[in-house]
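S.K.: Sequence:
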Amino acid sequence: MRVQQLAIPEVLLITRDRFADSRGWFTELHNEAALREAGFSARFVQ
Numbered sequence: 000m001r002v003q004q005l006a007i008p009e010v011l012l013i014t015r016d017r018f019a020d021s022r023g024w025f026t027e028l029h030n031e032a033a034l035r036e037a038g039f040s041a042r043f044v045q
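Using numbering that gives the first Met the number 0, the letters of the sequence shown map in sequence onto residues 0 to 45.
Keep in mind that the hints were calculated from the coordinates and are not lab data.
Each pair of labels, with its calculated beta carbon distance range:
#1 Arg42 - Arg22: 26 to 34 Å
#2 Ser21 - Ala41: 31 to 39 Å
#3 Phe43 - Thr14: 15 to 23 Å
Virtual Cβ for every residue (Gly too), placed ideally from N, Cα, C.
Model the full assembly from the supplied sequences, consistent with the hints where possible.
M.R.: As structure tokens, then:
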């Protein structure tokens, strides 16, 4: 997951990495540590 700060204050561009092999692909939908490192302070729980 890549988190990029945009020119507009408090707006982030979140790009998810896609990992593929012969079985298909996997995408990490949420990474709290990566978001926190980028300054995103909200916490999501299920």
